[in-house]
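> Top line first, the protein sequences correspond to chains A and B. Mapping of the first sequence onto the numbering used here: position 202 corresponds to residue 202, and the numbering continues sequentially without gaps. Mapping of the second sequence onto the numbering used here: position 340 corresponds to residue 679, and the numbering continues sequentially without gaps.
Hints were generated in silico from the structure; no laboratory data involved. Mixed in with the good hints, there may be bad ones.
[What the hints assert, rightly or not] Ranges of calculated distance between the beta carbons of each label pair, as one might list FRET restraints: (1) F13/A / D623/B: 33 to 43 Å; (2) L414/B / Y101/A: 57 to 67 Å; (3) S655/B / R202/A: 35 to 45 Å; (4) D623/B / E263/A: 14 to 24 Å; (5) P645/B / S135/A: 22 to 32 Å.
C-beta atoms are modelled at their ideal positions from N, C-alpha and C, and glycine is treated no differently.
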Amino acid sequence: MTLLQVDGLSVHFRIRRGLLKGSDDVVHAVDDVSFTLEPGETLALVGESGCGKSTVARAVLQLVRPTSGSVSFMGRDVAGMKGGARRRMLRDAQVVFQDPYSSLNPRMTVHSLVSEPLRANTKLGAQELEDRVLSLLEMVGLGTQHLWRRPHEFSGGQCQRIAIARALALDPKLVVLDEPTSALDVSVQARILVLLDELQRRLGLAYLFIAHDLAVVQSMAKSIAVMYLGQVAEQGPAAEVFSEPRHPYTVALLNSSPSPDPEARATMRVLEGDVPSAVRPPAGCRFHPRCPFRMPICEREYPAPHGVGSRMVACHLPDDFDLTQLGSARAGEVADVAH
Amino acid sequence: MSSATPSTHLPACDAGAPAELLAVHDLRLQFRSMRGLVKALDGVDLTLHDGEILGLVGESGCGKTITGLAILGLLQRPQAEITAGAIMYRGDDLLTKSDAQMQKLRGRDISMVFQDPLASLNPVFAVGKQIEDVIRLHTRGSRREAREATYRALASVGLPADKDTFKRYPHQFSGGMRQRVCMAMALACGSPLLIADEPTTALDVTIQAQILNLLLKLRGELGVAQILITHNVGVAAQTCDRIAVMYAGSVVEEGPVGDVLNRPHHPYTIALYECLPHGRTATDLQTIPGTVPDLIDPPAGCRFHPRCTRVMERCSTEKPQPVSVAERHSVSCFWAAEKAGIQIDARRAPQADEGASHEDGASA
Chain A
1 MTLLQVDGLS
11 VHFRIRRGLL
21 KGSDDVVHAV
31 DDVSFTLEPG
41 ETLALVGESG
51 CGKSTVARAV
61 LQLVRPTSGS
71 VSFMGRDVAG
81 MKGGARRRML
91 RDAQVVFQDP
101 YSSLNPRMTV
111 HSLVSEPLRA
121 NTKLGAQELE
131 DRVLSLLEMV
141 GLGTQHLWRR
151 PHEFSGGQCQ
161 RIAIARALAL
171 DPKLVVLDEP
181 TSALDVSVQA
191 RILVLLDELQ
201 RRLGLAYLFI
211 AHDLAVVQSM
221 AKSIAVMYLG
231 QVAEQGPAAE
241 VFSEPRHPYT
251 VALLNSSPSP
261 DPEARATMRV
271 LEGDVPSAVR
281 PPAGCRFHPR
291 CPFRMPICER
301 EYPAPHGVGS
311 RMVACHLPDD
321 FDLTQLGSAR
331 AGEVADVAH
Chain B
340 MSSATPSTHL
350 PACDAGAPAE
360 LLAVHDLRLQ
370 FRSMRGLVKA
380 LDGVDLTLHD
390 GEILGLVGES
400 GCGKTITGLA
410 ILGLLQRPQA
420 EITAGAIMYR
430 GDDLLTKSDA
440 QMQKLRGRDI
450 SMVFQDPLAS
460 LNPVFAVGKQ
470 IEDVIRLHTR
480 GSRREAREAT
490 YRALASVGLP
500 ADKDTFKRYP
510 HQFSGGMRQR
520 VCMAMALACG
530 SPLLIADEPT
540 TALDVTIQAQ
550 ILNLLLKLRG
560 ELGVAQILIT
570 HNVGVAAQTC
580 DRIAVMYAGS
590 VVEEGPVGDV
600 LNRPHHPYTI
610 ALYECLPHGR
620 TATDLQTIPG
630 TVPDLIDPPA
640 GCRFHPRCTR
650 VMERCSTEKP
660 QPVSVAERHS
670 VSCFWAAEKA
680 GIQIDARRAP
690 QADEGASHED
700 GASA
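Isolated chain A, as found in the complex (with noise of 0.2 Å):
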């Protein structure tokens, strides 16, 4: 059975303009999000800052209330959940933030910390609590000695793991993983991600991988939504998306995210203009105005995505089309003003 299904999900949030009423502006945090998780997978999630990935962890987690379209979790719509269902999968669904130190409360211990969600869900017995507790820590390289300290006296990798802990406490069907991994140094990150994955294996955890680091996604996720200014771009199986990608957006993503290969220098291309507000988002393609392919229908017409052999691609472009014609050309310019 699919653990997550998101159909046709919009949250839009009301900010109000001035002191009087009636001229309220609606923020289109996310328009039309469809995907489906199975157990044990990874999706991720990338895009740009503002462009609504973290709002989608947030409906699925139901921490804020879709505008329209819905979220079923194992088969069941999240939204019409009460008392114990909704407990229930609030228990199957946990969720890792990108700043340990934000989460985690700096008054408690590790041990309360991890025993917290059991203590609040189950009724274990003591020498049960203390005994899950340690099997946690362990499970997330950490040990006994680590039990009676506080967040402050950790680094950020260990402070991940103890927010990694806190999230498996319960044995979740799914964690959502946001930015997990950004505000950690390079080497710190990648013993957090192999962690992941060893713990993904073991468990048989599915992850909703949020992230803006494209080199990241690519070793955590199976597959991959592309978003830009709240709705996808592009997705599909990530090694397909990486390799032969069908939006113009995901070229210039790859394009800006620098290799760390000197060598591979010369593909390096600039997307210009910024990210417009999302307040106002353009009327039809959203990446229009960036786009160095953009035709006339693209100003009026929103692409609806069609599915391109294993992916769903929302552009106008023929399916056929080169999108690397111009990039090459483009990076000539880069690389005459490196040299």
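Here the structure of chain A is known, so what remains is to put chain B in place on it, guided by the hints.
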């Protein structure tokens, strides 16, 4: 800085190479803290030629930013104390200069831009005014000349050089545009050297690419040499000619970017590169055991030795001296030197005169 034809990332071997602009020799620095002395820098060696971009790469707390601030004389005394070393700018030791002399030098000879442009701009003044102030501080010309220079500075960083831009306030710009304003301010007086401290870390990747391109353009068109401080190996790989890898307060390896990243010699550089998720699945990601040392009580000898997989006996007692393994490529590591068949000595006790002797070593 005249007609600085910047070298490509593979160094030119000819004699007409650009002149040395900045050289840091064995810089050592400590901070007083409540818990004791923090030995923040322990032997930083860097060289930068005219028109070059040098990447200073390392993880949090390795001393990259401190090195940048030390070059500009921006560290607060007496909490920060430079215990040894020299910072040679065009042949002058900056460490011997008075505060007043440094004040004149900052913004005119060496400038800096920081990670968060919103925090480095004054929110209550229009950006044009802020740039103009810098120009009027450093030059004697009329107000009108300063105004014109401001417009030129705006244009040089790719902002519209018009009254509208001049009169806007920092909050009216996006993050990428603000960083451009900071750069315009830094370069308004024609500094030949720009220290950019994580200039793109707060930005999205597509905007980051724009700013990195701007750095390349400033070097190409104005010949501005740069020290790019970054934790992102990719950013350094795509932008820099040379790269210096720092670990726990020391430069462990310095050289042309292609050599250091594609043919690393130091075990830390090797390990750091293998931690990068690029093109690797999580199952074959490599990790570095252990954690970064506490600089109040750093390990004796080579500071990386407790985490090093190639550790040898002398590593825990002696600190390796940088040795040259190739043209302008030096490494501070006993193992790497031995592997390359180079005689290596332990670093001597701090001495200010320890100079460029390791510049052209065994490979010659």
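> Give a verdict on every hint.
Comparing the hints with the structure gives:
Checked against the hint of 33 to 43 Å, the pair F13/A and D623/B passes, with Cβ atoms roughly 41 Å apart. Checked against the given bound of 57 to 67 Å, the beta carbons of L414/B and Y101/A, roughly 26 Å apart, lie outside it. A C-beta distance of roughly 37 Å is found between S655/B and R202/A, which places it inside the suggested range of 35 to 45 Å. At about 21 Å, the beta-carbon gap between D623/B and E263/A stays in the expected band of 14 to 24 Å.
The beta-carbon spacing between P645/B and S135/A, approximately 29 Å, falls within the hinted interval of 22 to 32 Å.
In this structure, only the earlier hint numbered 2 is contradicted, and the remaining ones agree with it.
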